[in-house]
Amino acid sequence: MEQPIAHEMAKRQREIGVAEFFSRNRHLLGFDSKRKALLTTIKEAVDNSLDACEEAEILPEIHVEVIDMGSDRFRVIVEDNGPGIVKKQIPNIFARLLYGSKFFKLAQSRGQQGIGISASVLYAQLTTGKPARIISKISPNDPAHYYELKIDTQKNQPLIMTDEVKEWSKEHGTRIELDLEGSYLGGSQSMDQYLKQTAIVNPHVTLIYTNPKAEQLIFPRAVETAPPKAVEIKPHPYGVELGTLMDLLRATKAPSVQSFFVNEFSRVGHGTAKQICQGAAILPSTKPAEINRDMAEKLIKSIQATKIVAPPTDCISPIGAELLEKGLKKEINAEFYCAATRPPNVYRGNPFVIEAGFAYGGEQLADKSVSIYRFANRVPLLYQQGACASAKAVMSTNWRSYGLSQSQGSLPIGPLTIAIHIASVWVPFTSESKEAIAHYPEIIREMRLALQEVGRQLGSYISKKRRMHAESKKRDYIQTYIPHVSDALKEILGFSDSDKETVEKMLVSILEKHRGELKDVAMENTEYNEEFARIGKGKTSDDDDGEERSADNGNGEDCKAPDKKKNAGYQQTL
Amino acid sequence: MAKQQSPVLVNLREKAEAVYHKILKKQQPELDMPLRALSNVKYDDRGGYFELMGKKKARTLTASTVKTFAQTLRMMALSKELIEGDDIATKREAYYVSKNWDEARFNEQPESDAIMDDVEAMMMVNREQIGFIPEEKGGDIAGQMIVIDRDADNGKELRIDCTKFGSGAYSIPSSVEGLRFETNATFILAIETAGMFQRLVKHNYWKKANCILISLGGVPTRACRRFIRKLSDEHKLPVYVFADGDPYAYGSIYRTLKVGSGNAAHINQFFCVPQAKFLGVTPQDIIDYKLPTHPLKDVDFKKIKDLIKNDPFIIHHKEWQKALLQMSTMKVRAEQQALAKWGLNYVIEKYLPDKIKKVDGFLP
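If you read the sequences in order, they're chains W and S. Going by numbering that gives the first Met the number 0, the first sequence opens with residue 0, and the numbers climb by one from there. Going by numbering that gives the first Met the number 0, the second sequence opens with residue 0, and the numbers climb by one from there.
For reference, chain S alone in the conformation it holds in the complex (with noise of 0.2 Å):
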């Protein structure tokens, strides 16, 4: 892993040595970080991902920012040490060393959170490289699959079988760089819902389909993404993702999975899932299998409104362009449960296999 690498440390020593000189040389010191939001990525169409775009942000030393310099500084300090001592902390331990800072403390998590995430895009690196992990988990798993782990105290290879965990599932650890796999399943299934995720692993589709089963819970976790990214790369298997039928599930779920974020633009690049195609629920899907709706709130017209104007990766694609106006006009969405409408294994009888056998059709 990264954290015996010098490089990240080189680099913070470079960073540190310039804010040093620059001090003596008695002129303002600066931490330039790339700016993290939408506005500062593109939409790479070749390498399928958010890439960054110049935009950067310069935290000048001056009175009014000195506390926030002080901060990141220590922050800069408290990473050097956690890779040179071969440890991590997670945000929430970083945020308790600060307590340590006297006046220079954080006072919520929030802000120290902030700082860190200052601090990895300044390195341009992933958080986990500079010695400070997550507390979130990744996701569960199900289905046609090896995940060979080490023994924390012997080193030992661990193998598990994702095939035995019965009517439960594998978690994605918080790093998942360390893991390799074996499958022979043909294709990866992304769920949004831990619903929709039992009743598939209940009914073991995965056996079925000869598939692994994802459940993302939501927005997926840096982890999650990875961990998708690793298994499609290594053994050349298409993703297919099955969410809500919304513009949240389309705009966030979906696009972050898929070309990630804007706060992590500086490390999208491997902390998403280019293939990933969208299986449903689509608007035509609504139209097609007769499904319950829900109307579209004030926000959901927003969400849309909105994509369809500053998203660099719905700009870029017509079919979704076309997705979410038809979803405007209809002016409903539908859940991935409507399909029980039809009986509680209508997803798994005909829905899936239906959806699967035309490929082609799916979203991009």
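Just chain W, with the same shape it has in the complex (with noise of 0.2 Å):
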């Protein structure tokens, strides 16, 4: 008798690890082209240090330096003057994916989910075989580790090639070097661009930048003082879903669960936890390990029942209007420049800020659409602009009003560059390769109440601008008719040349007794620097506004089709 199939099949089920499902669905994390991966590969880097700095509270200052090693290589070195990292955990956070400290906490930071370096790690060793190597030093007083670090694919684990002590001249900071296929082109989604634009949202980080045709390009801070440090918060039960809650509830060290919610949940006292449980039909002294499923699901309905207070929104950080003005200042030369942040609001339970600044006019086009630079904690987002929910608000704001025209549903035309920033402890992205913010209705609402407050800014600029062309162009019409009037009575009244032109004087005066003086409404802009402008702009005719393009740009990239179903179905299950 033949053995049942399901012995046979059984053979080959196993556990995938997570790191091999990641070297095969690169895509997921941003580097399913060349070009992207470089742009991927030192966005995470940078993103690391700064979020470091700013935990440690370091003003920062960060070297990239990108070598064309030929052949499509590409030798990346990203070093800091952060806090470095305690020898021990040089390996877990270089070379293990999804070990990271952002994930557990809500607070404003540029990574989230401890993926992205050695996500970076991964695809430099998938693609050229060569190890990454670290440097870190935590302080003057203590030696310099240095790693050579690769993946284990199938159990997620660090391979340490090399582990030494070196010297090192920094006081304290962390510096990696990866190799890796990629290739470089200029544009508005090249890293050129990217470092750009972080230099605009954070005026505070001296970037120094080396790209592969050795240019260093310098982006010196514009201000001296850091923001103010991410807060961190507890999460809001409103934001919290069944498997979470199951999670928490089995970590918890409350010995109640009345206690377990003033513990972990922030705006949460006594009073309200007793409500969640009576709500529940719980006791408040029953302890944490009791509940079961159906309890907590009764839980997770009481919270949703029960008045509680938002969370606390002194947590967020934004950019601030005059900032985003000033950064918006340096990159466009236009006309016109107004910005606005406006009150926290919350999704979920997270809190979150949107900030919007426009740039108008000058040598902007004016028959094409309008630009958008997105940011999401202060980082730019390059890719997927279809895809995310700024893209989507601007496209649902009625332009018109404000003096551009828009066709139903798209995006507006006219010589407009947007700048849109969210900042929260908590950003939904799409996908894990960061590129487009989620859908949430609450999030698309602010983002349209931002960018009518600053649009009714523009609209009352354009119309003023209107108003002025108007005086000017009625003035050159009474100009125009103010001898015929003068011909035409001279030509009644039979009067001399030099009445004629006592006439055309005095009509002058009439017609223009009443009317104000001609403004040039346009603003001054000093800040303007047109070298920095320049920077990213080489090349753009192979830029791509959405992921379709991306795919299928047949420059011989080695791009896997971004998958769109799969993504979507990663993003539930992760």
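Because the hints were derived from the structure by calculation, they are not lab data. Since the structure is predicted, the reported quantities are computational estimates derived from the model, not experimental observations. Warning: the hint list may mix true and false statements.
Unchecked claim - Below, simulated DSS-like cross-link-like pairs (lysine-lysine); rule was C-alpha separation at most 25 Å, straight line:
no.	chain 1	residue 1	chain 2	residue 2
1	W	169	W	233
2	S	90	W	489
3	W	472	S	98
4	W	10	W	86
5	W	489	S	356
6	W	504	S	14
7	S	235	S	276
8	W	489	S	14
9	W	489	S	98
10	S	356	S	206
11	W	504	S	25
12	W	499	S	21
13	W	499	S	276
Claimed, not checked - A short list of chain W residues far from chain S (calculated; beta carbon distances all over 10 Å):
no.	residue
14	334
15	473
16	487
Glycine included, every Cβ here is placed at the ideal spot set by N, Cα and C.
Two chains, each in its own frame: build the complex with the hints.
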């Protein structure tokens, strides 16, 4: 008798290593093309450096160097003056996926999941076979540790190739060096653009960038104060889901459900905790470990029915309208700038703040769709604009009332650049590559309100400009017809040419008596830096606005077509 | 004719001087003209025509009116030139003259016509007196009369016998002030449609009835109104109007002939025929003669309502209100030619003779 087939199949069924999964689905992490791989690597490294510096309250100074090694290989070096990493943690942080500190806390930071930098290490290892070289030092009195690291893709564990102490002149900081396959092109989706936009929204950072052409670009810091340190908050009950709640209940050290709620959540006092328990018909003194699935579900329902104060919002640090405007002035030679920061709001229990800034007119093209610069927690987002909540907010705003043309449900047309920033303790991205913000109605609504707030300023500027235009046209009009009035009078009355001149002079003063001075309404921009603006604009022909074209841009890049369905499914299961 | 008369020239000069002096005083100059609209006329029963009320519109020189203001002055200058040179220009010619005015030129003729009407009203004269003549022709005449005109080349008297046009007709010229008439007819019959006029001419109705036939061709032109008025005044002839039985014939054709129009309110006094009476087709005729009809359309009902509510002439005459209301209840209208139902010459043999026996029954 033959064995059931299932036994045969069982031989092939085994656990999939998380690193193995990502090595096959690299597009989920932003490595779907060679060009993007280079950008993503730099982005992850720089984001980590900035987060670390800010947490340690150090004004960041970051060196980025990209060296062209020939045959599509690049060496990426990112070095910071951050707090450094203790020896024991270095292998885990750089050579283990889903390892990090930021996933477990709710605080505004650039990184969130603990995937980014280790994914870059993995990608480098896959494309060149070379290990990542890390050096880190935590104080002048401690030694600098040097590691060469690879990832064991099946076990998702670091493989330590070299571990030694080195002499390093820096007082403290971290440096990472990776060799990877990539492709260097300029344009609006290049690393050049990313670094420039990073400098725009992080004016407290000094960035020294050496590009593959061995040209050094320096973005010096513009302000000497770092943004306030991100404050960590506990989750708000409104944002918690059943699975998470059960995990938290299992992990807590609280003796009762009531104290569990008080300790683990923000905005829950003893009274509110009691109310939640009563709503679920559970004794407040019940031990957290005794809560089963059904009871947890009742608790979730009870949370939704209980009135709980909105989460604290002082944990968010926006860029600020003034700095946003300043950044735009540096980048775009326009005639009018304005910006606004919205008051904090909440989605799924997470507080967030939306900011928007406009640069209008000047050298920008009037017959093209507006440009959107998107930022999330001060990180520029360069890909998947079409899938982003911000694009949806821009498209669903009525721009006609602000003097721009717009056809139904599309981007407005006009000489305008929009910068839009979301700051939150947890920015909801549509995928792990963190390119587009998820479509939460609360977020889209706030974005729209921000756009409208700035839009009103823009609208009043545009109408003022039109008025001035009409006024100067009217003056021309007057000047055109005055001679006809005097000519006709001369014909009827037969007066002399000098009389005619007098009449004309009088007419000018009569007609222009009540008209004010003509003013030039455009703003003066002394911040604009032409050289700065040119960075990242070298090549734009192959820039894509959406995910589709990046998949088949035919540059012979090793791009795997990003599968949207898979993408979405992944998002849910993670 | 008025061309040689200086009063118009003096008036023109005065208006221009007023503007000039205002300018020298650094004040905004103005040109006043009467508002030409039905809302600015009242029906003068004794005179029997629409009389202008006091409403004026002032064209003040401002940034936005500077173009029209310049054009109005230009038009006044052109008028002065025409009067002084004893010349005339048609409305279309005036429009072409404006092409020399660079930016102040008119793009379309209606623009120049409107400015011309403004100047005309401002001077309170007939446009012929300021040197402009319309292109429109007056209407056709046949019947027992001789028109005395002058040869344009040698000024000799021309005697035009209106009985000698056979199946054709004499055309009223655009300017009728210089004409004189000889006639022994007993009445004037003004006919709305050319078709009915042709029928009456063909059968020499004017001979049978000893009358003068005039074809109005829709709403009568100023020249046509003036011609009928002059003829009727000079020879004490009653004027009977024979038109379609519909609100447009009553309220626009007949009303304009009898009392003038809102647009020409400043000259109605001379350009209307207060002695005119309405012979038919009346709403009662439609019933009495069992005429074939057409249903009234929405615009017709609207016109009736508007006439009863807003037209000073209709408001003054209860008979007309009654007739219009009667038509409104009947919900039908009838054309002059509908009489052909009873035979092609029924109108000559029966309808008109019957009607003319009862002149007192005509609508006012």
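Comparing the hints with the structure gives:
{"no.": "1", "hint": "W/169 with W/233", "verdict": "36 Å, violated"}
{"no.": "2", "hint": "S/90 with W/489", "verdict": "24 Å, holds"}
{"no.": "3", "hint": "W/472 with S/98", "verdict": "23 Å, holds"}
{"no.": "4", "hint": "W/10 with W/86", "verdict": "40 Å, violated"}
{"no.": "5", "hint": "W/489 with S/356", "verdict": "63 Å, violated"}
{"no.": "6", "hint": "W/504 with S/14", "verdict": "21 Å, holds"}
{"no.": "7", "hint": "S/235 with S/276", "verdict": "14 Å, holds"}
{"no.": "8", "hint": "W/489 with S/14", "verdict": "13 Å, holds"}
{"no.": "9", "hint": "W/489 with S/98", "verdict": "19 Å, holds"}
{"no.": "10", "hint": "S/356 with S/206", "verdict": "17 Å, holds"}
{"no.": "11", "hint": "W/504 with S/25", "verdict": "10 Å, holds"}
{"no.": "12", "hint": "W/499 with S/21", "verdict": "14 Å, holds"}
{"no.": "13", "hint": "W/499 with S/276", "verdict": "56 Å, violated"}
{"no.": "14", "hint": "334", "verdict": "27 Å, holds"}
{"no.": "15", "hint": "473", "verdict": "5 Å, violated"}
{"no.": "16", "hint": "487", "verdict": "3 Å, violated"}
Violation of the numbered hints given earlier is confined to hints 1, 4, 5, 13, 15 and 16; the remaining hints are satisfied by the structure.
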